[in-house]
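Given the sequences, and given the hints that come with them, work out the whole structure.
Sequential numbering from 1 applies to the sequence shown in full-length UniProt numbering.
Each hint can be trusted.
Label pairs and their calculated CB-CB ranges:
| hint | residue 1 | residue 2 | range |
| --- | --- | --- | --- |
| 1 | ASN4 | LYS202 | 34 to 44 Å |
| 2 | ILE85 | THR40 | 49 to 59 Å |
| 3 | TYR181 | ASN81 | 53 to 63 Å |
| 4 | ASP87 | SER42 | 35 to 45 Å |
| 5 | ALA94 | LYS21 | 33 to 43 Å |
| 6 | LEU32 | ASN55 | 17 to 27 Å |
| 7 | PRO79 | ARG199 | 45 to 55 Å |
| 8 | VAL50 | GLY207 | 18 to 28 Å |
| 9 | GLY207 | ALA94 | 27 to 37 Å |
| 10 | LYS164 | ASN55 | 21 to 31 Å |
| 11 | PHE71 | ASN4 | 36 to 46 Å |
| 12 | GLY193 | ASP87 | 40 to 50 Å |
| 13 | ASN4 | MET172 | 18 to 28 Å |
Quick list of in silico lysine to aspartate or glutamate cross-link-like pairs, EDC-like style, CA-CA up to 16 Å:
| hint | residue 1 | residue 2 |
| --- | --- | --- |
| 14 | LYS157 | ASP101 |
| 15 | LYS90 | ASP101 |
| 16 | LYS46 | GLU14 |
| 17 | LYS99 | ASP47 |
| 18 | LYS12 | ASP47 |
| 19 | LYS21 | ASP53 |
I should point out that these hints are in silico values taken from the structure, not numbers from a laboratory. Backbone N, C-alpha and C define an ideal beta-carbon position, used for all residues, glycine too.
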Amino acid sequence: MTHNFLLLNSDKTEILLIGPKTSIQKHQHLNLHLHGCSVTTSSTVKDLRVILDSNLSLKNHINQVTKTAFFHLRNISKPRNMLSISDAEKLVHAFMTSKIDYCNALLGGCPASLINKLQLVQNAAARVLTRSRKYDHVTPILSSLHWFLVRFRIDYKLLLLTYKALNGLAPMYLSSLLTPYNLPRSLRSQNSGLLIVPRIAKSPKGGRAFSHLAPKLWNSL
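As structure tokens, this is what we get:
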């Protein structure tokens with residue numbers, strides 16, 4: 001750090017242990033001394049506004065996004081009758097949609113129970129925007145607004161990153177995770193643009209890795 005003219009800030013430096021629950025419990029009181037600063041482990045850390053936990057479940061992050069989005073949505077709903085639908089939609093996108101979409105590629109493969117929390121926010125926003133009643137069926141409302149469901153927005157972001165990685169528009173650390181599907185002999189499938197889907201360990205976290213989920217989604221197009 002000294003070589004790069006950096007100084008460790010002990011108040012903003014945290015350690016997050018990621019791994020099996022037994023290993024985390026074994027080292028949960030780990031204390032490191034770096035450049036004269038004492039750094040202890042944390043159950044969650046925030047990196048670029050994304051809350052990470054030891055299981056990489058992103059549950060805490062989704063809960064925080066949901067809480068913040070509903071807070072802003074309540075504030076938007078109060079003067080809704082005095083706003084045009086165009087102005088109200090701008091507020092919804094600025095304070096709600098932007099939070100749901102931020103780094104949402106990380107949510108790929110998350111359990112439906114977590115994604116549904118974000119979907120409830122989007123449903124509520126659609127009702128506020130269109131002044132619909134609470135028990136009106138939300139699917140036609142979302143369709144009229146041309147809004148993708150949250151899970152489709154996540155898939156879209158992953159596919160966009162995949163496209164950029166395949167066309168030299170993404171960092172090398174992403175491009176290196178994708179391998180085109182090639183056969184030794186000339187077959188029509190060689191030009192189909194398929195990607196190799198690597199095998200993963202029997203763990204729900206492995207299925208969420210970009211190297212596995214991105215090719216799987218890409219091949220399904």
